[in-house]
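All chains, please: the whole structure from these sequences, using the hints.
According to the working numbering, the sequence shown is numbered sequentially starting from 1.
Calculated directly from the structure, the hints in this document are not laboratory data. Every residue, glycine too, gets a C-beta built ideally from N, C-alpha and C. One should not assume that every hint holds.
Pairs of lysine to aspartate or glutamate residues, derived as EDC-like cross-links and limited to a Cα-Cα distance of at most 20 Å, are as follows [unchecked claim]:
| # | residue 1 | residue 2 |
| --- | --- | --- |
| 1 | LYS149 | GLU139 |
| 2 | LYS149 | ASP188 |
| 3 | LYS149 | ASP194 |
| 4 | LYS149 | ASP181 |
| 5 | LYS149 | GLU126 |
FRET-style restraints, in silico, Cβ to Cβ [claimed, not checked]:
| # | residue 1 | residue 2 | range |
| --- | --- | --- | --- |
| 6 | ARG207 | ALA25 | 52 to 62 Å |
| 7 | ASP185 | LEU240 | 46 to 56 Å |
| 8 | GLY84 | VAL172 | 38 to 48 Å |
| 9 | ALA69 | GLU14 | 23 to 33 Å |
| 10 | SER168 | ARG13 | 13 to 23 Å |
| 11 | ASN101 | ALA230 | 12 to 22 Å |
| 12 | PRO56 | LEU106 | 44 to 54 Å |
| 13 | LEU15 | ALA133 | 12 to 22 Å |
| 14 | GLU105 | PRO56 | 46 to 56 Å |
| 15 | ASN101 | SER137 | 27 to 37 Å |
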Amino acid sequence: HRDAADVAVRETRELPGLGVSGWIAATAPADGTAGEGTRVVLGSERLMGRERLVVPERLRAMLDQGETAGHPVTLIGWEGLVRGVFVFQESLRPQAASALNACRELGLDVGILTGDHAPRGRRIAERLDVDVAAGLSPEQKIERIERAKQRGPTAMVGDGINDAPALSAADVGIAMGCGTDVARDSADVCLMGDDLDQLMWALRLSRRTVATIRQNLIWAFGYNAAAVFAAAAGRLHPALAAGL
Numbered sequence: 001h002r003d004a005a006d007v008a009v010r011e012t013r014e015l016p017g018l019g020v021s022g023w024i025a026a027t028a029p030a031d032g033t034a035g036e037g038t039r040v041v042l043g044s045e046r047l048m049g050r051e052r053l054v055v056p057e058r059l060r061a062m063l064d065q066g067e068t069a070g071h072p073v074t075l076i077g078w079e080g081l082v083r084g085v086f087v088f089q090e091s092l093r094p095q096a097a098s099a100l101n102a103c104r105e106l107g108l109d110v111g112i113l114t115g116d117h118a119p120r121g122r123r124i125a126e127r128l129d130v131d132v133a134a135g136l137s138p139e140q141k142i143e144r145i146e147r148a149k150q151r152g153p154t155a156m157v158g159d160g161i162n163d164a165p166a167l168s169a170a171d172v173g174i175a176m177g178c179g180t181d182v183a184r185d186s187a188d189v190c191l192m193g194d195d196l197d198q199l200m201w202a203l204r205l206s207r208r209t210v211a212t213i214r215q216n217l218i219w220a221f222g223y224n225a226a227a228v229f230a231a232a233a234g235r236l237h238p239a240l241a242a243g244l
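Written out as structure tokens, the structure reads:
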């Protein structure tokens, strides 16, 4: 219950695919200096295990219940113990199902890569009828992208810090404008806002653009070749051939 002004947070670190850590210390009222403080970690159960923080039984029941229900879960702990469990109620974007169906209509092989726990991945798979690979670290997402690239051109859509490496690894990285700065910086394409329907617009526009480029090249090579041969055969004045 200490006033926030009396607490100093320092040496905060992002732990990719796991969570964050930092030192929290109370400041001295007189000079505002802070002591060494306590190292606190916030993130996944995997992070708690890596930091050797024990989950008490009363929190274990809450953690298991949240994961079994397919909810996102985050833990916080310090000094050898997990001190809290946060269970989030998360809703899918309204356009998620329609966007996936539209991708399939375009002939795309669609899958979801997530760092969430396996029960959360299964719930998403059931609701969206799509293959989901769960519990992935940023490095494992890259491995999945590289395997997909062996079958053909691959696009990755993401908005989070942990998506940034996979966005860079894909043939085309597409970031949602509502996402993190690092995701937008790592992507080839940045869609403004969080409307997934814009993804379909971008894909269709890209295909039309490529088709137009190919048509233009065919016409250009075609009439240039015809004009050159006609000029060489003396059937077309060289000045007219050059103009064409």
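#### Entry: Beta-carbon spacing of GLU105 to PRO56 - inside the hinted bounds 46 to 56 Å or not
With Cβ atoms ~50 Å apart, the hint holds.
### Task
Confirm or reject the claim that ASN101 and SER137 have a C-beta distance inside 27 to 37 Å.
holds, 29 Å
### Query
Given the hinted pair LYS149 and ASP181, is their alpha-carbon gap at most 20 Å?
Violated: LYS149 and ASP181 sit about 25 Å apart, past 20 Å.
### Task
Decide if the proposed pair is consistent with the structure: LYS149 and GLU126, CA atoms, cutoff 20 Å inclusive.
Since the Cα atoms of LYS149 and GLU126 sit roughly 26 Å apart, the hinted pair is violated (cutoff 20 Å).
### Query
Regarding PRO56 and LEU106, is the given constraint of 44 to 54 Å on their beta-carbon distance met?
holds, 50 Å
### Query
Can the suggested window of 12 to 22 Å be confirmed for the beta-carbon pair LEU15 and ALA133?
Once the Cβ atoms are compared, 21 Å apart, the range 12 to 22 Å for ALA133 and LEU15 holds.
### Task
Look at the Cβ atoms of ARG207 and ALA25 and judge whether their distance stays inside 52 to 62 Å.
holds, 56 Å
### Query
Do the beta carbons of ALA69 and GLU14 sit within 23 to 33 Å of each other?
Since ALA69 and GLU14 have Cβ atoms about 28 Å apart, the given range 23 to 33 Å holds.
### Query
Are the Cα positions of LYS149 and ASP194 separated by 20 Å at most?
Roughly 26 Å between the alpha carbons, so the hint for LYS149 and ASP194 is violated.
### Task
With a cut-off of 20 Å on the C-alpha distance, tell me whether LYS149 and ASP188 pass.
holds, 16 Å
### Task
Can you let me know if the beta-carbon spacing of GLY84 and VAL172 is within 38 to 48 Å?
Since the Cβ atoms of GLY84 and VAL172 sit about 40 Å apart, the hinted range of 38 to 48 Å holds.
### Query
Can the suggested window of 46 to 56 Å be confirmed for the beta-carbon pair ASP185 and LEU240?
Given range 46 to 56 Å: holds, Cβ gap about 51 Å.
Against the hints set out earlier in the document, violations occur for numbers 3, 4, 5 and 11.
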